[in-house]
Amino acid sequence: MGRVIVVTSGKGGVGKTTSTANLGTALALLDKTVAVVDADVGLRNLDIVMGLESRIVYTSMDVIEKQCELSKALVRDRRVDGLMLLAASQKNNKDDIQPEQMKAICDKLRTTHDFVLIDSPAGIERGFSNASAGADEAIVVTTPDVSAIRDADRIIGLLQNARIEPINLVINRFSPQLVGNGSMMDQDDVLDILNIELIGVVPEDSGVINSTNRGIPLVYEDGSPGAQAYMRIARRLTGQRIPIHNFEQKGLLNNIVNWFTRKR
Amino acid sequence: MNRSLAGASVQIDLKSPTLKEAEIELLSSKLQETYDLTVRGVEVADEPAAPPIAAAPTTHVISQTTDPRPSRDNEPSRIVPHTIRSGQTEEFPQGSLIIYGDVNSGGEVRAGGDIVVLGTLRGSAYAGMNGRLSAVIIAMDFAPLQLQIGNYVNRSSVSQAPRGYPEIARIGAENVIIVEKFVKF
Ligand SMILES: Nc1ncnc2c1ncn2[C@@H]1O[C@H](COP(=O)(O)OP(=O)(O)OP(=O)(O)O)[C@@H](O)[C@H]1O
Ligand SMILES: [Mg+2]
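Those protein sequence lines, which keep their order, are chains A and B. FYI, the numbering for the first sequence is 36 to 299, going by my numbering. FYI, the numbering for the second sequence is 3 to 187, going by my numbering.
Only chain A is shown next, with the shape it has when bound in the complex (with noise of 0.2 Å):
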């Protein structure tokens, strides 16, 4: 029986979409055998970030409507083996989907697959318990600012209620010289807030925007910082022990650099 897991943050724009196209391409590229899907009805982009755009026939909607096999529905990644994309429809809205409907179609596909990713909107509302409604497991995506913190802390209190668990975080955008200078918290400010488990923590990389563009994830180009960073939380996921990365060595250098460059 595979698991089900829920990409979530509540705040929008933290990073969640990136996150599932890249540990599931990652999840992957280490054997498992993965079905990604995008609950964002209505505001779907899963599918682009893949570069699986075109490829889109049914979507969970038809599923759910009965219109098609759960199993026509997935689309299949040709870049690696076992990646299977199942897309949100963009015509319908949040409300036309119940979250019974949605752990349904997690139930079947964790019969066939060893993870199921769920890349949930932002918010709190709808959208959020028919991502989550089918979910075991989370992952919560945050950007080390106040307000995606807050929002975070929220969103982990609605799960906890779920009793969804474990409840993993995810720090993206990650800034060593901003932390460097003071103007970013740091990976402790962060977890002494949230007070979950750190299972990576991913580094600001102009690479994604432009990986985003193009379709391709980023692990598929491995050597970015970004990339490296997705690939050792998948390999955290499938339970190996990797030490997380310390981004803020760097900083401490960037701190000495600073106190020699900076203007007196």
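Just so you know, the hints here were simulated from the structure itself, not pulled from any lab data. Each hint should be verified, as a subset may be incorrect.
Between beta-carbon pairs, the in silico distance windows are [said to hold, decoys possible]: (1) Gln102/A to Ser79/B: 54 to 60 Å; (2) Leu120/B to Ile279/A: 23 to 29 Å; (3) Pro95/B to Val92/A: 33 to 39 Å; (4) Glu232/A to Ile81/B: 20 to 26 Å.
Source: prediction; values computed, not measured. Glycine included, C-beta positions come from ideal geometry on N, C-alpha and C.
Given chain A, put chain B with the ligands in place with the hints provided.
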């Protein structure tokens, strides 16, 4: 003046003892000659009137109990064994609240008695919600968004980085909420 009261004897109830003997004399004779009222006695409240509100008051009115040290012996307390996260509220009007965790920004705790946070207070805390001005708020790390004790509110001035030692908030002499290092009860 209602005529039927003419010739009655009255009791004057003064809220503040600021009238001098001679002034009371004058008041009595004026009442006598103008309204035919006999002043039987003058009562002066021994308790001064409600203090002027120094901190910003809330919009709702709370009946104040000014008893400085009400007994908490028979009062229940509630232990909350987890962190209060953003959007969560814990309310216990019957007594005091003890939080085994943090109160995060966007979270809120309200108690009839005291509030003790065995972690970091980053959200809002409202102690003495039934008007008890002797209620206190204690946290291991103190960085609240908003504090309220009785009907006294303290907003931005207490919002600060934690100092690394426990602190206590209570209503001080000037009827403002003061926050200081917590040593012992
Ligand atoms: N590590 C990163 N470095 C640089 N840019 C990033 C990073 N992660 C995400 N981004 C950029 O941030 C934007 C938002 O990312 P994404 O769409 O994944 O967020 P989201 O949480 O899914 O948003 P929404 O709430 O709208 O669904 C995108 O333009 C993406 O390219
Ligand atoms: Mg998204």
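Hint check:
no.: 1; hint: Gln102/A to Ser79/B: 54 to 60 Å; verdict: holds, 58 Å
no.: 2; hint: Leu120/B to Ile279/A: 23 to 29 Å; verdict: holds, 27 Å
no.: 3; hint: Pro95/B to Val92/A: 33 to 39 Å; verdict: violated, 58 Å
no.: 4; hint: Glu232/A to Ile81/B: 20 to 26 Å; verdict: holds, 25 Å
Violated hint for the displayed structure: number 3, the only one.
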